[in-house]
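**Student:** Below, each chain spelled out in residue letters.
Number of protein chains: 6
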Amino acid sequence: MPQPIEYADASAQVRAVYDDIKKTRNVPDVNNFWKYLAHDPVTLKRTWESVKEVMMPGALDALTKEMIYLAVSVTNGCGYCIASHTAAARKAGMNEAMFAEVMAVTGMANETNRLANGYRVPVDDAFLK
Amino acid sequence: MPQPIEYADASAQVRAVYDDIKKTRNVPDVNNFWKYLAHDPVTLKRTWESVKEVMMPGALDALTKEMIYLAVSVTNGCGYCIASHTAAARKAGMNEAMFAEVMAVTGMANETNRLANGYRVPVDDAFLK
Amino acid sequence: MPQPIEYADASAQVRAVYDDIKKTRNVPDVNNFWKYLAHDPVTLKRTWESVKEVMMPGALDALTKEMIYLAVSVTNGCGYCIASHTAAARKAGMNEAMFAEVMAVTGMANETNRLANGYRVPVDDAFLK
Amino acid sequence: MPQPIEYADASAQVRAVYDDIKKTRNVPDVNNFWKYLAHDPVTLKRTWESVKEVMMPGALDALTKEMIYLAVSVTNGCGYCIASHTAAARKAGMNEAMFAEVMAVTGMANETNRLANGYRVPVDDAFLK
Amino acid sequence: MPQPIEYADASAQVRAVYDDIKKTRNVPDVNNFWKYLAHDPVTLKRTWESVKEVMMPGALDALTKEMIYLAVSVTNGCGYCIASHTAAARKAGMNEAMFAEVMAVTGMANETNRLANGYRVPVDDAFLK
Amino acid sequence: MPQPIEYADASAQVRAVYDDIKKTRNVPDVNNFWKYLAHDPVTLKRTWESVKEVMMPGALDALTKEMIYLAVSVTNGCGYCIASHTAAARKAGMNEAMFAEVMAVTGMANETNRLANGYRVPVDDAFLK
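Protein chains in written order, with our numbering: chain A, 1 to 129; chain B, 1 to 129; chain C, 1 to 129; chain D, 1 to 129; chain E, 1 to 129; chain F, 1 to 129.
Since the hints were derived computationally from the structure, they do not count as laboratory data.
There could be a bad hint or two in this list.
One copy or two, either will do: identical chains are not told apart, so a pair holds if it fits within one copy or between any two.
Said to hold, decoys possible - The calculated lysine-lysine pairs, modelled on DSS-like cross-linking and capped at a C-alpha distance of 30 angstroms, are:
1. Lys-22 / Lys-91
2. Lys-91 / Lys-23
3. Lys-23 / Lys-45
4. Lys-129 / Lys-52
5. Lys-23 / Lys-129
6. Lys-45 / Lys-22
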């Protein structure tokens with residue numbers, strides 16, 4: 001089994017990424033996700049820089065982005081990601097009522113996606129414009 | 001192949017649902033999704049009432065909910081749902097920049113979900129509290 | 001793009017499988033699925049023999065098996081499989097009301113699967129016995 | 001982490017749902033799924049009423065519905081749902097031989113869904129009628 | 001909960017499969033996967049013979065096949081399969097750098113699959129030839 | 001519906017990415033995937049640079065990487081991606097026999113993933129080391 005790579009044991013290359021994560025997120029340590037990805041410093045760096053760019057507030061705020069991330073993780077059934085992005089969304093301001101609505105929408109979308117599949121519903125002309 | 005059930009050919013039970021959809025959404029006709037579900041009036045009614053309840057603005061606004069719906073549909077690869085919820089999200093106010101960010105977050109979440117799976121990352125203690 | 005391999009153009013090895021499909025199912029020709037798989041005679045033969053063994057009436061009858069097959073195909077969003085197994089289930093006796101219930105159960109399961117994921121529900125002790 | 005809401009600690013609204021589940025299913029307590037959903041009484045009520053309607057014997061009996069639910073849960077890899085619906089299906093009459101056949105069909109469908117995807121098999125004309 | 005069936009407790013039919021697995025793979029015992037499938041000797045035998053045929057070196061070597069198996073298992077989020085096929089791929093020669101690249105490709109494919117879905121990209125004419 | 005952005009209509013920022021794709025891959029034009037992503041130049045650039053880094057021959061050669069990409073795309077049922085990565089893998093050297101084996105392994109992995117889920121097989125101690 002792979003083991004997490006702690007800061008003390010990390011290469012300069014990995015430490016540079018950890019430092020940027022800690023600074024960007026204002027946290028004292030990085031999550032396990034990064035400590036495992038650190039086995040591949042190239043993927044660690046690319047993934048962090050991609051996540052940083054994608055999750056930066058833009059046309060959508062950080063909270064909305066985290067709730068979308070959570071909805072996808074719940075759909076895929078990724079246990080680690082559900083746990084970490086629930087925490088991240090809460091930190092960004094998701095309260096209990098918001099969490100409940102993210103779950104309700106995610107559940108409903110997964111249901112109607114299958115109803116549309118099963119009834120083989122053709123796309124409305126209006127949606128093709 | 002099932003065929004859509006148009007208002008003119010619908011039973012009173014189905015028409016009542018169509019009328020409520022048209023009134024709630026202020027649209028002249030219902031989408032194909034409902035015209036196919038109409039083959040099962042019980043599921044039509046339950047699904048519409050559930051969608052109406054879930055998608056009503058609450059702790060989250062209509063736009064945020066539609067973008068989450070879209071992210072789930074994209075993750076599942078449901079062609080009909082991607083088309084219809086892209087349209088619904090645009091109607092609720094999603095502009096080009098927002099659409100692009102929903103896609104970017106959805107793509108990134110699908111990627112990191114698999115990295116977390118593959119590296120078998122254990123959940124951080126902090127996420128279990 | 002691969003093209004279907006018709007009986008007239010098939011090798012003796014492929015024809016033997018086609019013949020067995022036609023005889024077992026009492027049909028005049030095989031579906032496109034087999035005509036494409038025929039590009040790999042080894043997979044064609046293994047898949048057909050596996051499908052034949054699995055779908056043979058046993059503890060479950062043919063109709064129940066076809067409805068399960070359809071529910072899985074709808075969940076995965078496989079367009080070809082939804083079309084072919086809807087047809088197969090109808091041939092095995094699935095009427096409109098049964099189809100509607102297969103869809104309703106499939107949709108609901110996809111919804112509650114995500115609610116269970118998102119709320120991180122631990123397995124009840126009773127289910128571990 | 002969310003915690004289960006036990007009957008003693010539940011609101012009147014939540015207790016009403018728990019009471020209906022216990023009465024409908026003739027069980028002394030509700031499963032963890034409902035105790036977690038209880039954090040959102042609106043979703044709890046809607047989900048229970050939907051599940052009750054969908055799973056009621058109709059054109060399909062309770063056992064067939066539970067086996068379809070299980071097949072979907074196995075396809076999605078939802079650990080909680082696999083455990084709970086295996087138990088529910090057994091209670092509805094699924095024996096060892098039936099369980100084995102549900103698994104065999106589910107596995108085979110997941111395999112052939114991908115073969116159809118990968119070989120890009122076009123839908124047969126006969127399935128479009 | 002089902003329990004694993006050990007060699008000492010297995011029927012002659014199951015032992016014959018276990019013996020063939022041990023001989024083919026040159027291992028002293030079979031993995032849990034087979035010990036659970038043994039509850040259905042027919043599926044045990046069919047699955048083993050299929051896996052043996054599919055995973056045999058052919059146009060692709062054993063290592064390449066195991067890495068593909070791992071990529072699929074990671075995509076589906078099957079915990080058992082990720083663990084067992086990581087071990088199998090390592091045994092077939094996958095080193096740390098190769099594992100990292102399998103993960104990177106799997107993650108990227110999952111991301112771009114959703115970008116293609118969400119942007120509703122039509123297939124290029126060149127890919128239809 | 002979004003439309004593809006052709007080189008002649010592209011901004012300097014987008015053209016720079018198109019130029020790099022054409023040079024890196026030695027092709028006269030870019031695929032539709034990039035022409036649609038071009039609606040979001042930031043995602044276009046990040047995705048291309050990530051794909052370029054990930055797909056560069058390293059511990060694994062280009063062909064192996066493309067076959068893994070294809071296996072994931074087939075598992076997810078992404079029609080565009082199956083078409084484009086089948087073409088890419090062929091260009092990298094995948095012949096008919098190799099394609100057939102990628103499909104066979106992908107199909108089998110999807111099947112056994114579900115058997116492992118459904119039988120709730122615990123991870124072998126040996127895989128936890």
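**Student:** Under a CA distance limit of 30 angstroms, which applies to Lys-45 and Lys-22: within one copy, between copies, both, or neither?
**Tutor:** Answer is both: 14 angstroms inside a copy and 25 angstroms across each meet the 30 angstroms cutoff.
**Student:** Is it within, between, both, or neither for Lys-91 and Lys-23, if the alpha carbons may be no more than 30 angstroms apart?
**Tutor:** Within one copy, since 16 angstroms is at most 30 angstroms while 38 angstroms is not.
**Student:** Between the shortest in-copy and the shortest cross-copy C-alpha distance, which are at most 30 angstroms for Lys-22 and Lys-91: within, between, both, or neither?
**Tutor:** Cα proximity of Lys-22 and Lys-91: one copy only (15 angstroms, versus 37 angstroms across).
**Student:** Using 30 angstroms as the alpha-carbon threshold, which applies to Lys-23 and Lys-129: within, between, both, or neither?
**Tutor:** between (45 angstroms within a copy, 24 angstroms between copies)
**Student:** Is the C-alpha distance from Lys-129 to Lys-52 at most 30 angstroms within one copy, between copies, in both cases, or in neither?
**Tutor:** Answer is between: at 26 angstroms across copies they meet the 30 angstroms cutoff, but 34 angstroms inside does not.
**Student:** Using 30 angstroms as the alpha-carbon threshold, which applies to Lys-23 and Lys-45: within, between, both, or neither?
**Tutor:** Both: 15 angstroms inside a chain and 25 angstroms across chains, each within 30 angstroms.
In terms of the numbered hints stated before, the structure departs from none.
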